[in-house]
Amino acid sequence: SLPKPILRAHPDSVVYMGTNVTLLCEETIGAKECILYKNGYPYRKVTKNQQKPENKTGFSFLNVDQQDAAQYQCSYRTQAKSSDFSDPLELVVTGAYRKPSLSAQTNHVVTSGEYVTLLCESRLDYHRFILMVKGPQKLSWKQVSKFNYSTRTFQALFSVGPVTPNQRWICRCYSYYMNKPQVWSDPSEPLELLVSGKEPHHFHRMILK
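Numbered by our numbering, the letters in the sequence shown go through residues 1 to 209 in order.
If you're looking for bench data, these hints aren't it; they were derived computationally from the structure.
Hints are supplied without guarantee of correctness; some may be wrong.
[Stated by the list, open to error] If you anchor each label on the Cβ, the simulated ranges turn out as follows:
id	residue 1	residue 2	range
1	Tyr41	Thr117	37 to 47 Å
2	Asp65	Pro3	28 to 38 Å
3	Tyr149	Leu62	36 to 46 Å
4	Asn20	Tyr149	26 to 36 Å
5	Pro88	Glu189	53 to 63 Å
[What the hints assert, rightly or not] Here are the simulated lysine-lysine pairs, DSS-like style, with alpha carbons at most 25 Å apart:
id	residue 1	residue 2
6	Lys138	Lys4
7	Lys138	Lys99
8	Lys81	Lys138
9	Lys99	Lys146
10	Lys99	Lys45
11	Lys99	Lys81
12	Lys45	Lys32
This one's a predicted model, so the numbers in the text were calculated from it and none came from an experiment.
Here a beta-carbon is modelled for each residue, glycine too, at the ideal position from N, C-alpha and C.
I would like the entire structure built from these sequences, with the hints used as guidance.
Structure follows, in structure tokens:
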């Protein structure tokens with residue numbers, strides 16, 4: 001059987017509305033055709049140039065909007081065979097709704113190995129909140145929103161950690177509706193957790209930017 005292709009997004013799979021994005025399908029040299037699928041249906045097709053064999057096919061998206069937010073897969077075809085689908089890639093478009101707010105609920109001094117509780121909230125009736133930490137690990141947490149009758153806001157609490165000093169903990173919160181899981185709000189203002197080391201003089205305050 002043919003090796004399964006790999007689908008990646010450049011510059012990222014979570015992008016702001018109006019951004020240009022390329023979905024790159026990495027296939028086997030000798031592919032005659034590459035097909036991109038959107039939510040399970042054939043969406044775009046590229047016939048490969050056999051004079052210039054390459055193992056990648058790019059599908060460009062200019063000025064992405066809510067209609068481009070979807071789950072994508074790709075496959076390719078050689079002379080005799082078709083490959084399996086790639087693993088799904090979620091292309092998320094942000095900036096569709098008003099931003100939620102993000103704040104810390106626990107001690108502003110965060111020691112390495114500890115958890116910190118963050119509150120994401122909005123006055124709009126969002127069904128879900130997602131908290132993301134910028135960095136190579138791409139950590140994220142999802143929560144269903146709950147209505148707080150005392151503050152009259154929709155909110156979710158996130159327990160983030162264990163925090164470690166080997167990466168920057170820059171957190172942002174987004175909100176979205178369950179029936180449009182790839183269409184997100186504007187991001188909250190970033191909140192950076194600065195993690196203390198083992199010695200007291202390494203302690204920092206949590207910084208709100």
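Evaluation of the provided hints:
1. Tyr41 x Thr117: 37 to 47 Å: 42 Å Cβ-Cβ, so the 37 to 47 Å window holds.
2. Asp65 x Pro3: 28 to 38 Å: holds (33 Å)
3. Tyr149 x Leu62: 36 to 46 Å: holds (45 Å)
4. Asn20 x Tyr149: 26 to 36 Å: violated (44 Å)
5. Pro88 x Glu189: 53 to 63 Å: Check failed, 31 Å falls outside 53 to 63 Å.
6. Lys138 x Lys4: holds (24 Å)
7. Lys138 x Lys99: holds (20 Å)
8. Lys81 x Lys138: violated (35 Å)
9. Lys99 x Lys146: holds (17 Å)
10. Lys99 x Lys45: Since the Cα atoms of Lys99 and Lys45 sit roughly 36 Å apart, the hinted pair is violated (cutoff 25 Å).
11. Lys99 x Lys81: Not satisfied, since the Cα-Cα distance of roughly 47 Å exceeds 25 Å.
12. Lys45 x Lys32: Holds, at about 11 Å.
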